[in-house]
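*Asks:* What follows is the residue order along each chain.
Number of protein chains: 4
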Amino acid sequence: MGRSLITGGAGMVGKELARLLLADDEDVTLLDVAPASRLPKDIRDRVTLARGDIANWAQVLDAVKTSHPDTIYHVAAMMPPACEIDHAAGYAVNVVGTFNVLEAARLFDVGAVVYSSTTATFGSELPDVVPNDYVQHPPTMYGTSKVCSEQLGLHYHRQYGMDFRAVRFLSILGPGRVRGSGWSAYTSLMMEETTRGRPFVIPVADSLRLRFIYVKDAALSLVQLARAKADALTTRVYNLDGFSASTEELVNATRKNVPGAQITFEFDPEYQHVMETQYVCIQKQPDDSAARKDWEWHPRYLLDDAIRDLVEDIRGSLE
Amino acid sequence: MGRSLITGGAGMVGKELARLLLADDEDVTLLDVAPASRLPKDIRDRVTLARGDIANWAQVLDAVKTSHPDTIYHVAAMMPPACEIDHAAGYAVNVVGTFNVLEAARLFDVGAVVYSSTTATFGSELPDVVPNDYVQHPPTMYGTSKVCSEQLGLHYHRQYGMDFRAVRFLSILGPGRVRGSGWSAYTSLMMEETTRGRPFVIPVADSLRLRFIYVKDAALSLVQLARAKADALTTRVYNLDGFSASTEELVNATRKNVPGAQITFEFDPEYQHVMETQYVCIQKQPDDSAARKDWEWHPRYLLDDAIRDLVEDIRGSLE
Amino acid sequence: MGRSLITGGAGMVGKELARLLLADDEDVTLLDVAPASRLPKDIRDRVTLARGDIANWAQVLDAVKTSHPDTIYHVAAMMPPACEIDHAAGYAVNVVGTFNVLEAARLFDVGAVVYSSTTATFGSELPDVVPNDYVQHPPTMYGTSKVCSEQLGLHYHRQYGMDFRAVRFLSILGPGRVRGSGWSAYTSLMMEETTRGRPFVIPVADSLRLRFIYVKDAALSLVQLARAKADALTTRVYNLDGFSASTEELVNATRKNVPGAQITFEFDPEYQHVMETQYVCIQKQPDDSAARKDWEWHPRYLLDDAIRDLVEDIRGSLE
Amino acid sequence: MGRSLITGGAGMVGKELARLLLADDEDVTLLDVAPASRLPKDIRDRVTLARGDIANWAQVLDAVKTSHPDTIYHVAAMMPPACEIDHAAGYAVNVVGTFNVLEAARLFDVGAVVYSSTTATFGSELPDVVPNDYVQHPPTMYGTSKVCSEQLGLHYHRQYGMDFRAVRFLSILGPGRVRGSGWSAYTSLMMEETTRGRPFVIPVADSLRLRFIYVKDAALSLVQLARAKADALTTRVYNLDGFSASTEELVNATRKNVPGAQITFEFDPEYQHVMETQYVCIQKQPDDSAARKDWEWHPRYLLDDAIRDLVEDIRGSLE
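Protein chains in written order, with numbering that gives the first Met the number 0: chain U, 0 to 318; chain P, 0 to 318; chain R, 0 to 318; chain A, 0 to 318.
Excised from the complex, chain U in its bound form (with noise of 0.2 angstroms):
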């Protein structure tokens, strides 16, 4: 029906994303600078990719001039431990990316623009339950980067009618995650290294708490959002919640769906301090009351369900 374009369409939301616009017969585009081969088999040949780099204008105005989409889902962000490590590569590509998204989509008349902001853009002092409109005041440049975006796309609503819309993801838990990117992708590590029968090592507390939304339930929120009829929004940018885990729920759960999981416990005091410090904000709960009464949002996928639900694809990828 509609036409979409992903802008980080190779990434793990991105390709979620995908999947659930193309099963609504959407013609996708994607834009990412990985290259088709990175792309799922299940995806690579029902979309169009779009090789670019989102820091660069006129690749992602050539983009959108190709596509011509009915909506921009953008996705594409550089993320923390990168864009804590290089601010001036986060800036590029979170924030000039964003304005680059957003002029683009003014230029070419593109009516709407749904944006992955984040809970992280949140300060580290934060009630127990986070209201949509809390102020911010992020502790990371990734949180920065995003809070300049939601800003900037709140002017293109305002002053060009842009219909504008945003939800803020908690620590998101998928697969494909890599080392080093946050306790998320250590969880998701978890999994893709114990359903493969490796052992894994823990080196935070078991009693660490976190929030996180299942990837999927990420992947929807953007669908559902875009799809809320306009009269019914109270605002433009929405709070998400998911689920609270600690780690020891999570190995719990993980042994659950992978009998036999190897995993032990090796404390790094060192990044037990980065989860403490930089991902904080995420021990709170936001407050997604927004999203529930204007456009019905809820997870679909809780601790157990998430489990269960990404060992299955990861057994699947692995046959």
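Among the hints, a few may not be true.
With a straight-line cut-off of 20 angstroms between C-alpha atoms, the simulated SDA-like cross-links for lysine to any residue are [what the hints assert, rightly or not]:
#  : chain 1 : residue 1 : chain 2 : residue 2
1  : U       : 228       : U       : 110
2  : A       : 283       : A       : 243
3  : P       : 64        : A       : 107
4  : U       : 64        : R       : 67
5  : A       : 64        : P       : 107
6  : R       : 64        : U       : 292
7  : R       : 40        : R       : 191
8  : R       : 64        : U       : 227
9  : U       : 292       : U       : 248
10 : P       : 64        : A       : 158
11 : R       : 64        : R       : 124
12 : U       : 64        : R       : 69
13 : U       : 64        : R       : 108
14 : R       : 64        : U       : 108
15 : A       : 64        : U       : 158
16 : A       : 64        : A       : 37
17 : R       : 283       : A       : 134
18 : A       : 64        : P       : 108
19 : R       : 64        : U       : 107
20 : U       : 283       : U       : 248
21 : A       : 64        : P       : 110
22 : A       : 64        : P       : 69
23 : P       : 283       : P       : 136
24 : A       : 64        : P       : 283
25 : A       : 64        : P       : 161
26 : U       : 64        : R       : 159
27 : U       : 64        : R       : 106
28 : A       : 64        : P       : 159
29 : P       : 255       : P       : 293
30 : P       : 64        : R       : 2
31 : A       : 64        : P       : 160
32 : U       : 64        : R       : 158
33 : U       : 292       : U       : 132
The set of hints was computed from the structure by calculation and includes no laboratory data. Since this is a predicted model, take the numbers as computed values, not measurements.
Based on the hints, put chains P, R and A in the right spot on chain U.
*Replies:* Just chains P, R and A, lined up with the frame of chain U:
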């Protein structure tokens, strides 16, 4: 003593700031797109002018390299309505420009960057007194670009230990303003025109009440904050407050200082509307108690003093 | 009839070009950083002014989108000595600016881009007659940036079939020049000052001989080339030739047209040196036979006609 | 002894260059988008890797500031066909990237920049021997971007006294090439595949004759030029020559060094066409007499030596 670089140094605040720093025997460089002929005579031969566009990174870096300042006062900005009419220019000057300045400071080891932000970063629905850390939902591109700049500056402080400090100005009352750039410009223009013996027509209701800061207070606050002891600072971005004045009070103060001033009212509902929406934030009182406590800020010029001083300066420039 | 966008439309050539296109009932948009107040009265109300910086891609694309021209006349450039003093600005305006224009034309399907290059792209060691395809070793940033621009334009023609066409101007004689921007500016200024009854001092030797093109010929050449049949073109970049004149001949022609002109010589070896080095290329004669053959180019104004016309126009503007 | 920064340091020439400099006890930093895992083991622990995108000025400046090299070897470039398919990426990497490097060198007082240009800057209609200063009409975006880069470099030399020196490579024969990037890549791939015992299919006529330079000669030329005495240089950009080989000669040389190599011909007229048009310039012989005279350049590896050495290196990497 020290060496300072003032971006936007040929602008209203920049010039006043230059005077303050020169009075303290600082070595002052101005970075501005304007030519030397735009600088007032009392400054022109005592500063170095680095001509350049804040949005051009190579020009910014060249100016920072050449002047190797201890402190950069980053005052350059595209003001409303220009940056509302052309958001792309506003983004380039105000967001990209700030990134350029911060990055130049980092690359050339400049210890301190003092930034002029604005209370226009707050939204349109505000409490009567606006706390320093109140949530920022700016209704304009100007405010949007300044939120992004604050966030970027805070990140350089956090990650690189850069001594980033900022104040949030109200609408600034001062000389040299041109018609069309907001109510403070109109007010300044009223002083200019009536002092010159020309008639002046006021397009807004005499009950319209806004908050102002006088340009000499604005400039002084930047120097004070720059010189405040680091351990006295409880935050990095400080609300300032000046004074509140209705149109009627402004007219009365003008008449007191400019005998025979010809001022008439011709209500323009469109202009009134712009004042009530775009610039609404400055009708509320910023809570500047942190600035008062941490570095003994208080406005030296309230309504009467500001008008008297401004009229005197205009008379001086006419001789 | 057609729709044209002139970059640098408020400049010396741009204004003359606008007059020519308006005389043919074209719909003309000017893209320039200058405000509308800088446009002459006979043009101001008959064109659309898109204010913007050629180095800001979003502003360029906005202007092209909004004006959707058939032809872009890309005349905007930073001239020497400005771009020699600040090569970063010269690069931004002249190289990045040209990329922005070409890319905007491609993205918004503008068929034709007509570009004003310069014989200053040739080097300082030249034969007496410089062939159209002579090797380009420019001795200045200006020439460097124009070689890059020619090359980029030729690539868009080759790869995308864009109808890119260019002329190489000599030093342009015309009104409104300011002191300090080369010998043609000095010459123009001599006409301005003496016509206004003011004295004029010449800093170079009276034997200094350079080549000029009159501004009305420069503008006309762009229109002629734009309208030439594609199958008549044997190249994409055409040398133009105008006329040669020594300082003495220029002074004599001025005296003939401005009775009582007060002109004196005060030799300035430094200025003479600049003329002999930076602008040396225009002492040799460009071979413009391709332009003459392919699209019947010939200069309408040689020395006497150019001076007479310029003086008449200056007199007209004084009334 | 010295300190060097190699842009594109993880590329084919960059790695070989790193080996040469390391052998001379230089302190070597590589700037590359590729991760450390892409570096060969013999280099990885002996160099510093600065990860970054040459098109991102802040990353380039950071790398130059941090490594404070005596000499920058600017080898990074987007190669054909990538930069022909996506000219915007080619412009960003090859033109903007070069400006970034030159400006970084200027701002951080790096004395020397040695650049790898290409004989692909010349056009398609060439004399049998192409002089060093022959007119440049490149038929590709690659050649276009390299002409612009040469011109920019020459300007920094002229205006700022930067010790800019460049060589023009032919098509480079070397390891690690991938299918689809030109004939030298195919040739390299033939060695890789046959040495590994795999069959190889040749898509062009066996009479197709091109000119090559071996990667070790390419790397060596950069070091030699960097170390040549300034007063010996009669120009700043030097043609290099390597050797000419027909497809048949390449196949014969391969068979001699890889006994039992399975090579078959399957003529692909499209590929042949690409070779004859896009890469045609390298069929002619560059006149490298200036390089030979000024800094004693001569290729160490002609056809047989190059093939033998390449096959040996491939065998070594298989062990």
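*Asks:* Are the hints correct? Go through all of them and say.
*Replies:* Here's how the hints hold up against the structure:
For the proposed pair residue 228 (chain U) and residue 110 (chain U), the alpha carbon gap of about 14 angstroms is at most 20 angstroms, so the pair holds. For a cut-off of 20 angstroms, the pair hint linking residue 283 (chain A) to residue 243 (chain A) stands: about 9 angstroms separates their Cα positions. Of the supplied pair hints, the one linking residue 64 (chain P) and residue 107 (chain A) holds, its CA atoms being roughly 9 angstroms apart against a limit of 20 angstroms. The hinted pair formed by residue 64 (chain U) and residue 67 (chain R) meets the criterion: a straight-line CA distance of about 15 angstroms does not exceed 20 angstroms.
Between the alpha carbons of residue 64 (chain A) and residue 107 (chain P) the distance comes to roughly 9 angstroms, so the proposed pair stays at or under 20 angstroms and holds. A hinted pair counts as satisfied when its Cα atoms are at most 20 angstroms apart, and residue 64 (chain R) with residue 292 (chain U) does not qualify at roughly 40 angstroms. As the CA atoms of residue 40 (chain R) and residue 191 (chain R) are separated by approximately 19 angstroms, the hinted pair is consistent with the 20 angstroms bound. At roughly 31 angstroms between alpha-carbon atoms, residue 64 (chain R) and residue 227 (chain U) are farther apart than 20 angstroms, so this suggested pair is violated.
Taken as a hint, the residue 292 (chain U) and residue 248 (chain U) pair is broken in the structure, with Cα atoms around 30 angstroms apart against an allowance of 20 angstroms. Distance hint between residue 64 (chain P) and residue 158 (chain A) is fulfilled; the C-alpha atoms sit about 18 angstroms from each other, no more than 20 angstroms. The suggested pairing of residue 64 (chain R) with residue 124 (chain R) is violated, with an alpha-carbon distance near 43 angstroms, which exceeds 20 angstroms. Simply put, residue 64 (chain U) and residue 69 (chain R) have alpha-carbon atoms about 19 angstroms apart, close enough for the 20 angstroms limit, and the pair holds.
For the proposed pair residue 64 (chain U) and residue 108 (chain R), the alpha carbon gap of about 11 angstroms is at most 20 angstroms, so the pair holds. The suggested pairing of residue 64 (chain R) with residue 108 (chain U) holds, with an alpha-carbon distance near 11 angstroms, which does not exceed 20 angstroms. Only pairs whose Cα atoms come within 20 angstroms are accepted, and residue 64 (chain A) paired with residue 158 (chain U) is rejected, the gap being roughly 41 angstroms. The straight-line distance between the Cα atoms of residue 64 (chain A) and residue 37 (chain A) is roughly 24 angstroms, outside the 20 angstroms bound, and the hint therefore fails.
Of the pairs offered as hints, the one joining residue 283 (chain R) and residue 134 (chain A) holds, with about 18 angstroms between alpha carbons and a cut-off of 20 angstroms not exceeded. Note on residue 64 (chain A) and residue 108 (chain P): the hinted pairing holds, with a Cα-Cα distance of about 11 angstroms set against a maximum of 20 angstroms. For the given pair, residue 64 (chain R) sits about 9 angstroms from residue 107 (chain U) by alpha-carbon distance, which is consistent with the 20 angstroms threshold. At most 20 angstroms may separate the alpha-carbon atoms for a hinted pair to count; residue 283 (chain U) and residue 248 (chain U) meet this at roughly 17 angstroms.
Distance hint between residue 64 (chain A) and residue 110 (chain P) is fulfilled; the C-alpha atoms sit about 17 angstroms from each other, no more than 20 angstroms. A distance of roughly 19 angstroms separates the Cα atoms of residue 64 (chain A) and residue 69 (chain P); the hinted pair therefore holds under the 20 angstroms criterion. Annotation: proposed proximity of residue 283 (chain P) to residue 136 (chain P) holds, straight-line Cα distance about 15 angstroms (limit 20 angstroms). Taken as a hint, the residue 64 (chain A) and residue 283 (chain P) pair is broken in the structure, with Cα atoms around 46 angstroms apart against an allowance of 20 angstroms.
Taking the CA atoms of residue 64 (chain A) and residue 161 (chain P), the gap is near 17 angstroms; set against the 20 angstroms cutoff, the hint holds. Our distance criterion of 20 angstroms between C-alpha atoms is met by residue 64 (chain U) and residue 159 (chain R), whose separation comes to about 15 angstroms. Note on residue 64 (chain U) and residue 106 (chain R): the hinted pairing holds, with a Cα-Cα distance of about 7 angstroms set against a maximum of 20 angstroms. With a C-alpha separation of about 15 angstroms, the suggested pair residue 64 (chain A) and residue 159 (chain P) falls inside the 20 angstroms cut-off, and the hint holds.
Between residue 255 (chain P) and residue 293 (chain P), the direct Cα distance comes to roughly 36 angstroms. Violation of the 20 angstroms bound is thereby established for this hinted pair. Restraint check: the Cα-Cα separation between residue 64 (chain P) and residue 2 (chain R) comes to about 45 angstroms, which exceeds 20 angstroms; the hinted pair is violated. Restraint check for residue 64 (chain A) and residue 160 (chain P): satisfied, since their Cα atoms lie roughly 18 angstroms apart, inside the 20 angstroms limit. Between residue 64 (chain U) and residue 158 (chain R), the direct Cα distance comes to roughly 18 angstroms. Compliance with the 20 angstroms bound is thereby established for this hinted pair.
Restraint check: the Cα-Cα separation between residue 292 (chain U) and residue 132 (chain U) comes to about 16 angstroms, which is no more than 20 angstroms; the hinted pair holds.
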